[in-house]
Amino acid sequence: MSLNYCLLVLAAPVSGHTSLTAARFGAALLSRGHTLGRVFFLDNGTSNGLASAVTPQDERSPQQAWSELANTHGTELVLCVSSAVKRGLLDAAEAQRHGFPAATVHPGFILGGLGLLVEAMQSADRVITFGAAG
Amino acid sequence: MSVTTEGGVLVVTRHPQPGRSLARAALDTALATAAFDQPVNLLFLGAGVLQLLPQQDSTSVGVRNLRKVIDSMPLYDLERCYVDADAVERFGLTAEDLPCGAVLVGREAQRSLLDSHQHILGF
Numbered sequence: 000m001s002l003n004y005c006l007l008v009l010a011a012p013v014s015g016h017t018s019l020t021a022a023r024f025g026a027a028l029l030s031r032g033h034t035l036g037r038v039f040f041l042d043n044g045t046s047n048g049l050a051s052a053v054t055p056q057d058e059r060s061p062q063q064a065w066s067e068l069a070n071t072h073g074t075e076l077v078l079c080v081s082s083a084v085k086r087g088l089l090d091a092a093e094a095q096r097h098g099f100p101a102a103t104v105h106p107g108f109i110l111g112g113l114g115l116l117v118e119a120m121q122s123a124d125r126v127i128t129f130g131a132a133g
Numbered sequence: 000m001s002v003t004t005e006g007g008v009l010v011v012t013r014h015p016q017p018g019r020s021l022a023r024a025a026l027d028t029a030l031a032t033a034a035f036d037q038p039v040n041l042l043f044l045g046a047g048v049l050q051l052l053p054q055q056d057s058t059s060v061g062v063r064n065l066r067k068v069i070d071s072m073p074l075y076d077l078e079r080c081y082v083d084a085d086a087v088e089r090f091g092l093t094a095e096d097l098p099c100g101a102v103l104v105g106r107e108a109q110r111s112l113l114d115s116h117q118h119i120l121g122f
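One line per chain: the protein sequences are E and F, in this order.
Last residue of the first sequence: number 133 in numbering that gives the first Met the number 0, and the count goes up by one each step with no gaps.
Last residue of the second sequence: number 122 in numbering that gives the first Met the number 0, and the count goes up by one each step with no gaps.
Think of the hints as simulated: they come from the structure by calculation, not from any bench.
Be aware that a few hints might be false.
Quick list of the computed label-pair ranges, beta carbon to beta carbon [stated by the list, open to error]:
1) Glu-78/F with Ala-91/E: 19 to 29 Å
2) Ser-81/E with Pro-17/F: 12 to 22 Å
3) Asp-85/F with Ala-92/E: 29 to 39 Å
4) Thr-54/E with Thr-93/F: 48 to 58 Å
5) Val-62/F with Phe-99/E: 20 to 30 Å
6) Ser-59/F with Ala-92/E: 32 to 42 Å
7) Ala-94/F with Ala-91/E: 46 to 56 Å
8) Gly-112/E with Ser-57/F: 40 to 50 Å
9) Pro-53/F with Ala-52/E: 18 to 28 Å
Calculated from the model, a selection of chain F residues having no Cβ within reach of chain E, i.e. all distances over 12 Å [unchecked claim]:
10) Arg-19
11) Arg-23
12) Asp-27
13) Asp-36
14) Leu-49
15) Pro-53
16) Thr-58
17) Ser-71
18) Leu-74
19) Ala-84
20) Val-87
21) Leu-97
22) Asp-114
23) Ser-115
Just so we're clear, the structure is a prediction, and the values are computed from it rather than from any experiment.
Here a beta-carbon is modelled for each residue, glycine too, at the ideal position from N, C-alpha and C.
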């Protein structure tokens, strides 16, 4: 049976490997024929979408792991707009609105409201939270 | 007590507010779900019950008073919230401390809450 999944990511990529685990979980479920329409990043999880984050060469970049899901399977990567803006993650429109010279969100991600999480939960068979540690 | 809710979303909040934004994120998620007319319940579990401490004053810290947001939940049709009875006792809260609409739940009722919802979000 093929299931429709939604992931909620609360963990920042720099605080442990929760975010990478979430991305691997996403890749695994897709490889087994399930669908992953949307991943919603909330609270500290929104920093997964920071374009200027640099991962050490010998480590796996969570951002790249997420982008691959989006590029290969069309999974939507949504950063909660209020969590994101607080953390300096701005798309072109938010950068302009707040008077910053450039966008800081990786192009694979979009900003959106909590309504997009609600919508994804409605159509999902499974919602999995990847929480903050501790 | 018996829990009858079927389906819907259960938001489980397990951390106190000071020092982290997670409690606020949980509350915002519950409120947003309710705002879209989707069935949602909130469970304050473990140290999360400390969010319910009355007479919080966060002005000198410069962050929003979470208890005020919790008290406004009925405006968003979140009439009830479920509260871990063991944790309430462990942290020394009394029934008068809790917001109106709080329902104390023991282990058994918590289990049936987790059972009866379609989705569980763990904050």
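Hint-by-hint comparison with the structure:
1. Glu-78/F with Ala-91/E: 19 to 29 Å: The hinted range 19 to 29 Å is violated for Glu-78/F and Ala-91/E, with Cβ atoms some 41 Å apart.
2. Ser-81/E with Pro-17/F: 12 to 22 Å: Holds - the Cβ-Cβ distance for Ser-81/E and Pro-17/F, about 20 Å, lies within 12 to 22 Å.
3. Asp-85/F with Ala-92/E: 29 to 39 Å: violated (47 Å)
4. Thr-54/E with Thr-93/F: 48 to 58 Å: Since Thr-54/E and Thr-93/F have Cβ atoms about 49 Å apart, the given range 48 to 58 Å holds.
5. Val-62/F with Phe-99/E: 20 to 30 Å: For Phe-99/E against Val-62/F, whose Cβ atoms are near 24 Å apart, the range 20 to 30 Å holds.
6. Ser-59/F with Ala-92/E: 32 to 42 Å: Given a distance of about 35 Å, which is inside 32 to 42 Å, the answer is holds.
7. Ala-94/F with Ala-91/E: 46 to 56 Å: holds (51 Å)
8. Gly-112/E with Ser-57/F: 40 to 50 Å: Hint violated: Cβ distance 25 Å, outside 40 to 50 Å.
9. Pro-53/F with Ala-52/E: 18 to 28 Å: violated (41 Å)
10. Arg-19: violated (8 Å)
11. Arg-23: violated (8 Å)
12. Asp-27: violated (6 Å)
13. Asp-36: violated (9 Å)
14. Leu-49: Nearest chain E Cβ is 15 Å from Leu-49/F, so the label holds.
15. Pro-53: holds (25 Å)
16. Thr-58: holds (19 Å)
17. Ser-71: holds (16 Å)
18. Leu-74: Given a closest Cβ separation of 17 Å, the condition holds.
19. Ala-84: holds (23 Å)
20. Val-87: Answer for Val-87/F: holds, closest chain E Cβ roughly 22 Å.
21. Leu-97: Consistent with the label, Leu-97/F stays out of reach of chain E, its closest Cβ about 25 Å off (over 12 Å).
22. Asp-114: The claim stands: Asp-114/F keeps its Cβ more than 12 Å from every Cβ of chain E (closest is about 16 Å).
23. Ser-115: holds (15 Å)
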